[in-house]
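Use these hints to put chain P onto chain F, whose structure you have.
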Amino acid sequence: MAQAADSIRFILNDTEVAVSEVAPTATLLDFLRLERRLTGTKEGCAEGDCGACTVLVGRLAKDGQGGERLVYESVNACIRFVGSLNATHVVTVEHLAAKDGTLHPVQQAMVDLHGSQCGFCTPGFVMSLYGLWLTNDNPSRAAIEKALQGNLCRCTGYEPIVRAAEAAAREHPSAIFDPIMRTREAVTARLKALQPQETIVVGKGEDCLIVPADAASLATVLSEHPTATIVAGATDVGLWVTKQMRTLNPAVFINGIAELQRIDRTEAGLTIGAGVSYTAAFDALSSAYPAFGRLIDRIGGEQVRNMGTIGGNIANGSPIGDSPPPLIVLGAAVTLGSKDGTRTLPLEDFFIAYGRQDRKPGEFVESIFVPALHGDHFAAYKLSKRRDEDISALLGAFRVALDENNHVRTALIAYGGMAATPKRAKAAEAALIGQRWSEETIRAAQAALDTDYQPINDWRATSAYRMLAAKNLLMRFFLESTGEKAQLRRFEEVA
Amino acid sequence: MDKSTFEEQTTIAGPMHTRLRHDSAHKHVAGTADYIDDMPEPAGTLHGALGLTDRAHAEILEMDLSAVAALPGVVCVLTASDMPHSNDISPSHLHDEPVLADGRVQFHGQPAFAVIAETRDIARRAARLAKITYRDLPHLIDVTDAMAQGGELVTQPLTLQRGDAEAELERATRRLKGQMRIGGQEHFYLEGHIALAIPGEDDEMAVWSSTQHPSEIQHMVAHVLGVPSNAVTVNVRRMGGGFGGKETQGNQFAALAAVAARKLRRAVKFRPDRDDDMMATGKRHDFLVDYDVGFDDEGRIHAVHANYAARCGYSSDLSGPVTDRALFHADSSYFYPHVKLTSQPLKTNTVSNTAYRGFGGPQGMVGAERIIEEIAYALGKDPLEIRKLNFYGEKGSGRDVTPYHQKIEDNIIHRIVGELETSADYQARRAAIIDFNKSSRVIRKGIALTPVKFGISFTMTAFNQAGALVHIYQDGSVHLNHGGTEMGQGLYTKVAQVLADSFQIDIDRVKITATTTGKVPNTSATAASSGSDLNGMAAFDAARQIKDRLVAFAAERWQTTAERVTFVANHVKIGEELVPFADFIRQAYMARIQLSAAGFYKTPKIHWDRATGRGTPFYYFAYGAAVSEVSIDTLTGEYLVDRVDVLHDVGRSLNPAIDLGQIEGGFVQGMGWLTTEELWWDEKGRLRTHAPSTYKIPLASDRPKIFNVRLADWSENAEKTIGRSKAVGEPPFMLPISVLEALSMAVASVADYRECPRLDTPATPERILMAVERLRRM
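Here the protein sequences come in this chain order: F and P.
Using my numbering, read the first sequence as starting at 19 and increasing by one per residue.
Using my numbering, read the second sequence as starting at 8 and increasing by one per residue.
By construction, these hints were calculated from the structure, which means they are not laboratory data.
Since the structure is predicted, the reported quantities are computational estimates derived from the model, not experimental observations.
Just so you know, nobody snuck in bad clues.
Between beta-carbon pairs, the in silico distance windows are: (1) F:Gln472 x P:Ala435: 44 to 50 Å; (2) P:Ala50 x F:Leu363: 54 to 60 Å; (3) P:Leu68 x F:Asn475: 28 to 34 Å; (4) P:Asp432 x F:Glu510: 20 to 26 Å.
We treat Cβ as the ideally placed atom computed from N, Cα and C, and that holds for glycine.
Chain F with its partners taken away, still in its complex shape:
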C-alpha cells in the first residue's frame, strides 16, 4: 500500500494544522481544549447529545453540477475524531468575534435577547445558530427548532434563544466582516490542496489511524487489517471511546472517500453511498419518500445528522436504528465491498441476530439501493419519550399497495424496537394481503402482531406499551391513508 502521507492536515480557525502524533481515539474536543487551550468549546456529556461542544466543520461537498462547494456543518466535537478532519476547516466559537472584540450578530442577538443564563451551553448554541445563520437568512420557527435539536439548555427554556435566531437573521453584515464569508475562496482553495492523493496513516502497527484515499484503498486496508473499526460519522463509535473507553485498533476513517458519497437517482430508485450523511441524503430521500424526510428530522440532532450516515446506521445493526425498518419495507438492498469485489443482498437479510450482521471481515457497506415507490402508501412512525433527538422506543414502517377494488395487493410492515433486530411483521402482513382495506382488516392485522413480536421491557418503554402502540401505529397508517388526521404535528411544514 502506498503511503506517503503521515499527518492529518486541516485549518483550525485561521491557522493551518498538521497533526502527525494523534491517537486513533483522539477527539476534536480534547484537541481543542487540552492541546490548543481553546476552552470556549465545552464538554457537557461527551456523547453527542447536549451540543455544548458544537463547532462548525467546513468541507468541500459535491454541488450536484459536477463541481464542489464549501459547506459548513455543525458537529459535536466530543465524538468527532481528529483522524476524520483531514481537508476540513474547523471553526470554533473563538473565531466569531472581530479582533477588536465586536461580537458577531449571532452573539450580539444572544446578549440582547437574554439568551444565556449560566452560559455553559451558550457557545454550542452560538455555533448552531451560526450554522443556521450562514445558510438561512429568514428561518421559520420550524427551521430554528430543527437547527437547535442537538443543543440542550437547562436554564432559559429556549424562548430567548429562538428569538435571538430570528433577530440575528435580520442582521447580515457584509461578507467582509463575517469570519467564514470573508475567507470562503481562500479556504476553498486550501482545502482542495489538502485533499489526500494517497492514504494517510498516522501511528504504527495496529495502533494507528488510517484515512484511505479511495474505495479501492479502503478494500486494501481492510484486507490488511481485518479487525479494523470502520468509522463513518462516529456518532456511535464515538461513544465506544468516550464512554466504554474502548481502543480502535486501527480506526479507518471513510468520511472523506468520494465514491462513498454518491447519491444517484434513477427511475428504478435511489442509490446512496455508505458515507452519505443524513443531512446530505435528506433532499433525495424526502422527495422520493416524503415520510422518510419527516423521520430523518427526528434522528439525532442537527450535529448528529451532519455526521451520522445511513450506511453506519445499517452496518451498526442496532435493533433500534431508525432507518432499517423503512428501508426494509421499501425493499432496499445493501451492497458490500471488499478486496474480492462487491455483493448485494436484501437489507432484511443483512440483519441476522442481535449484534450480528452478514458482513465478513474485510467487507464494508458500500451503498444502499432503495427502489422507487410506484404510488404505494408508505409511512414510517417513530415513538420516543421526547419527540426530537431521542432513541426510538419503537418505530413502525408500513407500505401497502391497493388494487382497484380497494383490496390489499401487497403489504410490507417492519418494526424497530420490537425484537432483537429490525424485523418484518409477517403475520400482520398476511392478515392484510387480499383483504379489503378497512378498519376491520386492520383490527385483524393488529391481533396478528401478537404472534409477530414479544417485545421487551426497558427504560424506553414497557412491553405492553410497545405492543399496544405498535398496533395503534398500524391503525394510524390506515386512518392517514383515508385522509383522517391521526398524528400531531408541531409544524405542518418540513423545515
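Chain P only, in chain F's frame:
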C-alpha cells in the same frame, strides 16, 4: 460646580428595577467566561476519577486495586482509609455519608475508591480495572419496597396538624382516597461537578469548586483533612447551572481533590464524566402520596389527610428539610379546615437524593392539585371552579391559616388567577376544547389553570443570614463581593444593581468578584430562592455603612448638614455643589475615611418549631398562575404543548429581563420533570437513564409553541425586602403543573370527563396512552 455634567446625566446605567443583561452575557457568547475546567492548570496538575461499585447493596469482601495502581500514569489510589481525619461528609451531621464506601456498598455506583493520574483519560481507564469481591445483601430500590420492608427512615419525619382531620373525614358528605406517584428528576446542569484543589503552605488548601455552598465545601474539606476551617479557602466565580444539585453534592469531589492534593503536594482536579456524575450524585426525590379528602357537594374541602413518602436513597443528606417542604406546600393555595399531613423519608439502596429547585415543594403541590382534580371529576365540574372555592381567604377571613399555623397575610392569588383567567381567555377556550373533543377521534385537547403559592425563607431559620464585602478604591471604582453564588440566575447582576443604585453610580463602575470564603465567611447555600433577598440586603447594608461615613465626612468638610448630602447620578450633591463621585472618593480617602465595609443581613420575623409543627417559617409568599393547553394523540400517547399563558408575581422586579428568564426557564424545566424526564432503575438497582441519550430533558421544540409570560407588575412585596422585590428562582418551577393537568383533561375526554385519569408523573407518552386505555375500559 460641575453643573453641565449633571444636566447631561440625571440617571445612572443599571439601577434596580431595570432590564439589564446578565453581567457575563458577552463572555458567555464569546466562550470567554471561564468555568473551572477552563482555568489554566497549575504546573503538574493531576486528575482524579471515581471508582464506582456495581452492586446496590453489598458487603465489600475484597478490593484488589493492583491493576488500577499499575496502569502507567497512575500516581495513587485512594480508599476510605486514606482520609486523613474523617471519611464522613454528611451535610445533615448524622454521620451517614462516607466520602468513599467503607466495607459496605449502599447504592449502585457508590464510589469506593479514587484514582489520581497524570491525565484524566488515564484516571478514567484505571478506575475500571479494579477487582472488587462482594457479598450481596438484599436491596430496596422503590418506595413501595421500602414501605413493605418496614419503612426504615433516613431522618425524623414531620407531622403538620390542625383541627381534627380524622373526625371531619368521617363526617364529610363526600370522601375519596387515592394515591399518586411523582417521579424524581436529574438536575442536568450543563457543567457537571468539578473541583480543583491547590495545596498551599502549612495546612492551607485552596479549592475551586462548582458549588452553591462554598462554606459547606470549606467545612467538609477541613473536616476530612483534619484542619481548622481557616486553612481552607473555597472559590467559585460561576457555575454552569446548579438547580440544587450543587448544594451538597460537590462535597465528595472537593474532599477527594483536597485529600489527594495534600498527600501528593500537587494540584488535583476532579471532573467526573457525565454518566458518573448522573450515577453518583443525588437527584430530586420521587414521592408516593396517599391522600384522603372529605368535601361537600359544592366542592369545598372539609378535611385532608395525606402521607408523603419519599425515596431518599441511602443517606439523609437534605431529605429532612426536603420532605418538610413537601408538607409545607401540600396545601398549594388552598385552605384545609382540618388537616393532617405526614412525611415518610424512606431509606432505599439508591443514590442519596438531594436539593432540587423547589426542594420538595413541587411534589407537595402536585399532590394538592391532584386532590383538586379528584374533587372536580367526582362532581363533574371544572377544576378551576374547585380551586377558586378553596383558595385561602383574605387576611382575617378565618380561612387564612396554613397547616403549619402561619397566617397568610399577603394573599394575592385571587387577583392573579382572575386576571390570568381573563387575559388567557380561559373559559371560552375551555368550551371550544370540549367542543373539539366531541368530534375528534384520535387527537384530543385539554386545558388547565393552576396556581402557585411558594413560601420564601430557609425553613432552618439560622440559614437566613448573609454577608457582603464592599470596597471603594481611590479612583471611585467599586469592588463587590458577597456570599451568594452565580449559577446563571443573574444574582451577581442583581446585587451589582443594588450597589449601583445605592451609590448612584453606573453599574460598570462596580466590579463583580468571585465568591470566596476568604472574603465573606459563614455563608448559607445559594438556595431556597433566597439569593437576592439575602445578599442584596447585605450589599445594601455595606453600602449604607460606607455612605454614612461619606455623608458625615461631606457634612463636616463642606460645613453643611447630613440631609444636604445626597448621591446623584455619578456625583455627590453637597448643598448646591455637585462633586463627581471619583473626585469625592479621592478626597474622602485623603481625609482617611474607611472606604470598605462588611454588610450583614438576617431575615426578620421568622421562627419555626419543628417539634410542635407551628411557627412562621416563611417571611412572605410568591404567587403565580399558568394556563396550559395541550393536544394528545390517543393512539400513541404523544402530546404537544400548544399554548401557555403565565402571570407571575416577583414583587417589584429588581430586573424584569432576568426575572422573565427565570420564569420561562423554570417553567420548561418543571415541564420536563412532569413529562419526559424519567429516572428508571432496573431490578439490580442500576439507574439505566444516566446520560442525555436516555434521560430526556426538554428541547427547544418541546417548549410551549405559544408562550406568553407576564409579570404581575402591580405587585409589591408587603415585607421590606430589597426594593420590595420577591424571590423568583423556585416558584415558577410549579407553574407547569398546569401542563400535567391539561394532559389529564385530554385523557379524561375519552371517558367523557367522568373519571379522574389519575395521571402519575412523569407523564410520558406511555403513561398517557396507558391512562387513555384504562379510562376507555371504565
